[in-house]
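S.K.: Here is what each chain is made of, one letter per residue.
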Amino acid sequence: MISTVDYLLDRSSAGLLVFIAAAALSHIVRLSPGKRIAIGLLAIVAALLISISTRSAFDWIVSAIERPSAPGLLLLVLFAICATTGRRFDDRREFRFGTAMLVLTGALLYPGAIGFLNYDTYILGYSGCVLPLLLALLLAYALYRRCFFVVATLNVAILGFLLGAGRSLNLWDYVIDPLAWLLAIGAWITIAITAVVRKRKPSASVAA
Amino acid sequence: MGLVDQHTTTTWATWAAVGCSVVLSALLIYKMANRVEPWTFIVDVPQAPVRGDLEIRAETITPPDEKDFVHGPSLIQTPTGLLAFWYRAVYEGAANAEIVSARFDGNRWSPTAVVKNSNTVTRDIGLTVKSLANPVAFRRSENEIWLFFAASRLSGWATCEIILVRSTDNGQTWGPAQRLYAAPFLNMSHLTKSLPLRLSGDRVALPAYHEMNRKYPIMLVLDSNGRVIDKLRMGNGGTVGYQPAIVPTGPTTAIAFVRRLNSFRPQSILITRTTDAGRTWTPPTPIDLPNPGGPIAAIRYDDTRILLAFNDDPEDESNVKLAFSNLDGTSFRRIGTLVEKNAQLKGDATAYPFLLESEPGQFDVVFSRPPPQHIIDHVRVSSAWIEHNLERSAEQK
Chain L
1 MISTVDYLLD RSSAGLLVFI AAAALSHIVR LSPGKRIAIG LLAIVAALLI
51 SISTRSAFDW IVSAIERPSA PGLLLLVLFA ICATTGRRFD DRREFRFGTA
101 MLVLTGALLY PGAIGFLNYD TYILGYSGCV LPLLLALLLA YALYRRCFFV
151 VATLNVAILG FLLGAGRSLN LWDYVIDPLA WLLAIGAWIT IAITAVVRKR
201 KPSASVAA
Chain X
1001 MGLVDQHTTT TWATWAAVGC SVVLSALLIY KMANRVEPWT FIVDVPQAPV
1051 RGDLEIRAET ITPPDEKDFV HGPSLIQTPT GLLAFWYRAV YEGAANAEIV
1101 SARFDGNRWS PTAVVKNSNT VTRDIGLTVK SLANPVAFRR SENEIWLFFA
1151 ASRLSGWATC EIILVRSTDN GQTWGPAQRL YAAPFLNMSH LTKSLPLRLS
1201 GDRVALPAYH EMNRKYPIML VLDSNGRVID KLRMGNGGTV GYQPAIVPTG
1251 PTTAIAFVRR LNSFRPQSIL ITRTTDAGRT WTPPTPIDLP NPGGPIAAIR
1301 YDDTRILLAF NDDPEDESNV KLAFSNLDGT SFRRIGTLVE KNAQLKGDAT
1351 AYPFLLESEP GQFDVVFSRP PPQHIIDHVR VSSAWIEHNL ERSAEQK
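Sequences listed follow chains L and X, in order. The first sequence: position 64 = 64 (the numbering used here), numbered continuously. Position in the second sequence counted from 1, then plus 1000, gives you the numbering used here.
Hints are not guaranteed to be accurate.
To be verified - To be clear about the criterion: a stretch of chain X counts as covered by chain L if any three or more of its residues have a C-beta under 8 angstroms from a C-beta of chain L, and this derived list gives those stretches: (1) 1018 to 1026; (2) 1225 to 1234.
Said to hold, decoys possible - Pairwise CB distance ranges (calculated): (3) Phe148(L) / Asp1223(X): 34 to 40 angstroms; (4) Leu49(L) / Ala1026(X): 47 to 53 angstroms; (5) Ser1318(X) / Ser3(L): 31 to 37 angstroms.
Think of the hints as simulated: they come from the structure by calculation, not from any bench. Think of the CB as a built atom: it goes at the ideal place given N, C-alpha and C, for glycine as much as any other residue.
My request is simple: use the sequences and hints to build the entire structure.
M.R.: As structure tokens, then:
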């Protein structure tokens, strides 16, 4: 049987994702932060109660997206704060750096893991110095840029791996997860769209 | 004064972050540098004395009233006889599947017993599982059996991960299911089929295959606790084949017989070789035995030969035959036919053979007969039958 911590961790991604989706939608219709939180929580309850085939919608999501890595959990929490308070992080340097690193890391890992490439970079997470050295370089650069949230999250991920806190014995599983990768890609799409819109606005006002 | 305090705190926080990062990075590099110690294959060379009957003995394992889809059988020897496993569901990949077992005391097969079903696996691992498939058992110690099987979390075999359950009383009772972590993308998509192997350092090699997007064979290396410590893609990548049956031929050498993809031509069994205990494998190449796109079972027969159970037909799983291969996988000799499908019965097939030497000179093969048959069959032959048929086939040539 799995422990309570494992049980909750397995459901944290799904719970936060449902919460973020519902709170973000209620943000569009300009509800207050309190109401967004309530709607986010109600969405989790609804996902638990709505049955699809033999299991609840929530169970489907849990089965589909697994538990988060340390950076993935931080990103989900940031998105939850963003969805409930309306606060934007995408103009912050550290957010951009962290999500850019997630996008790059995922691009390095997942194509091989899904079978698109003949070489599977996942094996670098079992042994050898390549991945630890890359992480050390990333940490050094994050320190140089004073991105302390990124540093703290990577340190938590490394500590979790060193202590064998997760189920996997592969370092990759502690530093990235597919949901974090997809959210980071989404964040960068948003950043790109915002940049394009901002560029167009001055020219539009000049034309007016 | 406030500014000075803030500056001091920031400096301390910076140095704390630097210190933590340096220490953790150093520990990480140290741990990863020599984490997976080199391993070698543990090679069991059976004696295979020429003994036993010249008759084939055949039984049906599944009960006569079986209506479900049954498939993917495998065997293990226990002190009280054979123990067979297979999976059962309303249809292939259906929800609420079961891993079932039956015992053979030498005379008859017992009624089936449920080892695990989708619900119990769901309860054990805390994630909802849809279907189960392809159980393979491994003798861990005198009384301990590890049973690996595939479990699909969503829909389709591509969403499978590998589950391990253990028995410490030779299959009387089974412990909770444990997930094998072997992939970064939602721990998908790996499945089992063939016999696991023993490695030095109390480790286990589990032949498996990747299903999502591209099918290819892999070898998982497990530690003594059944956790994945390495994963090796067999055959230099590419879209080639799957369901490898690995046979060690020396401490660092082995060959693996690989099921071809349906689209692969020629319609032959594929073979891949390693000379570094499985760290690298040659690209799979076709051999001079046909393959309809079904799995191959292979075990070491004696000090110079490997025994294969396979479908000797490029199109259909129309029979199960035995053949010998030399240890290089360069020479093959057919021995004889164990079973042929009922040509009168539409849809009949003899699929997924699994081969075991249950006692010296005694060989057992199980295979499935998919709907409309709903059957798992068992065939037992002796080394005397094998040698006799080998002579006959040589004479016929």
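S.K.: Now tell me, hint by hint, if it's right for this structure.
M.R.: Consistency of the hints with the structure:
| no. | hint | verdict |
| --- | --- | --- |
| 1 | 1018 to 1026 | holds (count 5) |
| 2 | 1225 to 1234 | holds (count 7) |
| 3 | Phe148(L) / Asp1223(X): 34 to 40 angstroms | holds (36 angstroms) |
| 4 | Leu49(L) / Ala1026(X): 47 to 53 angstroms | holds (50 angstroms) |
| 5 | Ser1318(X) / Ser3(L): 31 to 37 angstroms | violated (50 angstroms) |
Of the numbered hints stated above, the single one contradicted by the structure is hint 5.
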